[in-house]
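**Q** Starting from the known structure of chain A, fit chain B onto it as the hints suggest.
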Amino acid sequence: MTITEYFELVFTDYTLRTITLGTAVLGAISGMLGSFAVLRKQSLLGDAISHAALPGIAIAFLITGTKDTNILMLGALVSGLIGTFWIRGIITKTHLKTDTALGLILSLFFGFGMLLLTFIQKQPNANQAGLDKYLFGQAATLVEKDVILMVIVTAICLFILLLFWKEFKILLFDEDYTRTLGFNTRFIDILITFFIVLAIVLGLQTVGVVLMSALLLAPAAAARQWTNKLSVMVTLAAIFGAFSGVFGTAISASQNNLSTGPVVVLVAAVFVLFSFIFSPERGILFRELRFRKNRRDLQLQKTLQFMYGIAKTHENISHPHAIKILNNFQGFTKKTLQELEEKDWIELNGQQWAMTNEGFTAAENLYNQQVPNV
Amino acid sequence: MSSPQIEIQLIAAVVAVACAIPGVFLVLRKMALISDAISHSILPGIVLGFFITQDLNSPLLILLAAFSGVITVVLVEWIQKTGLVKEDTAIGLVFPALFSIGVIMIAKNANDVHLDVDAVLLGELAFAPFDRLLLWEMDLGPKSLWIMGIILFTTLILFFTFFKELKVSTFDAGLSSALGISPIIMHYGLMSVSSVTVVGAFDAVGAILVVALMIAPAATAYLLTSDLKKLTLLAVAIGVFSAIGGYWMAHWLDASISGSMTTVLGIVFLLVYLFAPRRGLISVLYRQKQQRTEVSLLTFLLHLNNHSEEENERHINHHNEHINWQKVRSKTVLDLALKNNMVSVENSIVSLTIKGKEFTDLALEYIITNKNENIEHMKDDFFLFRG
Chain A
3 MTITEYFELV
13 FTDYTLRTIT
23 LGTAVLGAIS
33 GMLGSFAVLR
43 KQSLLGDAIS
53 HAALPGIAIA
63 FLITGTKDTN
73 ILMLGALVSG
83 LIGTFWIRGI
93 ITKTHLKTDT
103 ALGLILSLFF
113 GFGMLLLTFI
123 QKQPNANQAG
133 LDKYLFGQAA
143 TLVEKDVILM
153 VIVTAICLFI
163 LLLFWKEFKI
173 LLFDEDYTRT
183 LGFNTRFIDI
193 LITFFIVLAI
203 VLGLQTVGVV
213 LMSALLLAPA
223 AAARQWTNKL
233 SVMVTLAAIF
243 GAFSGVFGTA
253 ISASQNNLST
263 GPVVVLVAAV
273 FVLFSFIFSP
283 ERGILFRELR
293 FRKNRRDLQL
303 QKTLQFMYGI
313 AKTHENISHP
323 HAIKILNNFQ
333 GFTKKTLQEL
343 EEKDWIELNG
353 QQWAMTNEGF
363 TAAENLYNQQ
373 VPNV
Chain B
1132 MSSPQIEIQL
1142 IAAVVAVACA
1152 IPGVFLVLRK
1162 MALISDAISH
1172 SILPGIVLGF
1182 FITQDLNSPL
1192 LILLAAFSGV
1202 ITVVLVEWIQ
1212 KTGLVKEDTA
1222 IGLVFPALFS
1232 IGVIMIAKNA
1242 NDVHLDVDAV
1252 LLGELAFAPF
1262 DRLLLWEMDL
1272 GPKSLWIMGI
1282 ILFTTLILFF
1292 TFFKELKVST
1302 FDAGLSSALG
1312 ISPIIMHYGL
1322 MSVSSVTVVG
1332 AFDAVGAILV
1342 VALMIAPAAT
1352 AYLLTSDLKK
1362 LTLLAVAIGV
1372 FSAIGGYWMA
1382 HWLDASISGS
1392 MTTVLGIVFL
1402 LVYLFAPRRG
1412 LISVLYRQKQ
1422 QRTEVSLLTF
1432 LLHLNNHSEE
1442 ENERHINHHN
1452 EHINWQKVRS
1462 KTVLDLALKN
1472 NMVSVENSIV
1482 SLTIKGKEFT
1492 DLALEYIITN
1502 KNENIEHMKD
1512 DFFLFRG
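The listed protein sequences correspond, in order, to chains A and B. Terminal number for the first sequence in this note's numbering: 376, no gaps in between. Terminal number for the second sequence in this note's numbering: 1518, no gaps in between.
Hints listed in this document are in silico derivations from the structure and should not be mistaken for laboratory results. Hints may contain errors.
Each computed DSSO-like pair below joins lysine-lysine, with the alpha-carbon atoms no more than 30 Å apart [unchecked claim]: (1) K304/A <-> K314/A; (2) K95/A <-> K1360/B; (3) K95/A <-> K1161/B; (4) K1161/B <-> K1298/B; (5) K1298/B <-> K95/A; (6) K171/A <-> K1212/B.
Pairwise CB distance ranges, derived in the manner of DEER restraints [as the list claims (entries may be wrong)]: (7) S1189/B <-> F175/A: 30 to 40 Å; (8) N186/A <-> Q1421/B: 25 to 35 Å; (9) Y1497/B <-> D176/A: 28 to 38 Å; (10) G67/A <-> F1258/B: 28 to 38 Å; (11) N186/A <-> E1489/B: 39 to 49 Å; (12) N186/A <-> Y1497/B: 30 to 40 Å.
These numbers come from a predicted model, not from an experiment. No residue lacks a Cβ here, since even glycine has one placed at the ideal position from N, Cα and C.
Just chain A, same shape as in the assembly (with noise of 0.2 Å):
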């Protein structure tokens, strides 16, 4: 199948129609939470909690016998908490830092579900293959049911979004005063955490326990790039991560062998990358620019005031030199002259130059911080 066949499927075809939906639904949500986790600097959290929400499905499968997808993204939802408040107990009470408690959380509780992963396989129980889909995700599972599950919360949390907005956003930028301002920020910070975990619980499914973190995070540090507003990066991180989910799905649709979790999380990475260079305010290849181009003005304004040191010991400033004597100067080449008389600070005849008065005055005020743009 190629992309534009997958094009004019995925309105027709059911499957493509679920998975393609759900993975935009995904994508959304989990670029808009992933936006708050960035910025707290908590971006390894969503690593750790998605980890961590592995014994939870193993333990859920153990007491129901079913595989029923909510009930075990409930058990992972309650296991994902377990390890967030046992991240946050670590960090608190021991002096063991945050890197450690997430590496702690993350692999202790992973090891733990692959034992009972494990174990679970051992069973006599026909009902238990399919349990390991939740490490690597198979978007081709999604049904119609879970898309709507999606969506539900995708829209219970847009609204929490909404009706807390002041709060979070207070809460990110400065939660010293969002206390003294008599904000309840464990209530606001257990309620962002709480749905951060919900939308990687979400996530288990379609892209994994090992990948569902790049899905928060890279939509989000694609955004970032490029808005210094929150609004605008929670709405810029949801549309990145809806195209990532439907760029991914179509890519890997068009392939054998090519599962949905991995394409989707290239995708967001090729956006990531993308912002990184591109963004005009922050982006490399601009900041590359405009370091050029001030080192070229500073090159200019050294040439400028070497010409208005031999100028100054002369009494008529307009007094024409030698090109030559600038030799020993390394700082100009032949466009630099050229764009130093395009500014009328200097004029050129022959192999002579002569200051202007401009370019005199211009040289004097050079370190002069009072005059603004010499």
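**A** Just chain B, lined up with the frame of chain A:
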């Protein structure tokens, strides 16, 4: 115990020791999550190496994979340097991308190779003894034991040779460069050793559980001691204990060995986290409660001191509402004060004793001048029964 059983336990113990040593420094340098990043992003290196050599245990594969681990570190640092995102975001962006590339590489070529993502991520120790190293038709033991043994040996040599340098660059990068020990070289040295260890160990315990073996022993030991030598020894001991305990747990449950090893590590960590003397959760909570009571006692004594003239302010039922305490709390504080002979009660009027007055004056002086002298010895001098 049969011979494969002994061999499995031996491999597990060697892996645990080899992971615990670099893990100690990663935890101390607040770079624990780098091990997570490395363990994921070696995947493309492993796949590439596997396509070339068709052997999961070949040295070339290990080198290639370790190289991709170092590349991860470099990439993360490069992204960090651009200042576009924070450090943790940089880690979180790099390794899933590299991991995805690895997964896709496997998926596109999976038909003819014996390599799947589960094997790389989870490892299987149970099969390790069957892949044997044969040299001149002599059976020299399991291959992975040799590989991990060599890695462990190198790590140990490096550890003992550069212990002093590692120590100083870990705790004070500035001092270390002033002494002529480049923290950058130490940093990349540690990263390379970690990468190689992760790669060597993934075959046995899987890429994610390597993280547990690196971080958990060190973190657990760090709750028990602050002495670097003891910390390292303790981490190694915890690692070996969990490796062998995990093996028998897996044997009993008939489940994954690496999963059981991690679970044992988790249980050990949980126990230490709860019960560690001084740094464990229970002792921290107890200490916080004690300090709260002590501060309350101080407030109470200061209140009495302030109102030494007015008797109605010192009525036993009065401070209950006046300092805005609950009944139980006021009673605890009063009892504590009485027990320590700080106050005396006559006709329901509480007054400071001479000892109480002395203590309050000292405390007041401490609060006003707030010099760096230790308040603890003061408490030791006056408190017979601590809160």
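**Q** Please go over all the hints and tell whether each is borne out by the structure.
**A** Hints and how they fare:
no., hint, verdict
1, K304/A <-> K314/A, "holds, 15 Å"
2, K95/A <-> K1360/B, "holds, 24 Å"
3, K95/A <-> K1161/B, "holds, 17 Å"
4, K1161/B <-> K1298/B, "holds, 14 Å"
5, K1298/B <-> K95/A, "holds, 26 Å"
6, K171/A <-> K1212/B, "holds, 27 Å"
7, S1189/B <-> F175/A: 30 to 40 Å, "violated, 52 Å"
8, N186/A <-> Q1421/B: 25 to 35 Å, "holds, 28 Å"
9, Y1497/B <-> D176/A: 28 to 38 Å, "holds, 33 Å"
10, G67/A <-> F1258/B: 28 to 38 Å, "holds, 30 Å"
11, N186/A <-> E1489/B: 39 to 49 Å, "holds, 43 Å"
12, N186/A <-> Y1497/B: 30 to 40 Å, "holds, 34 Å"
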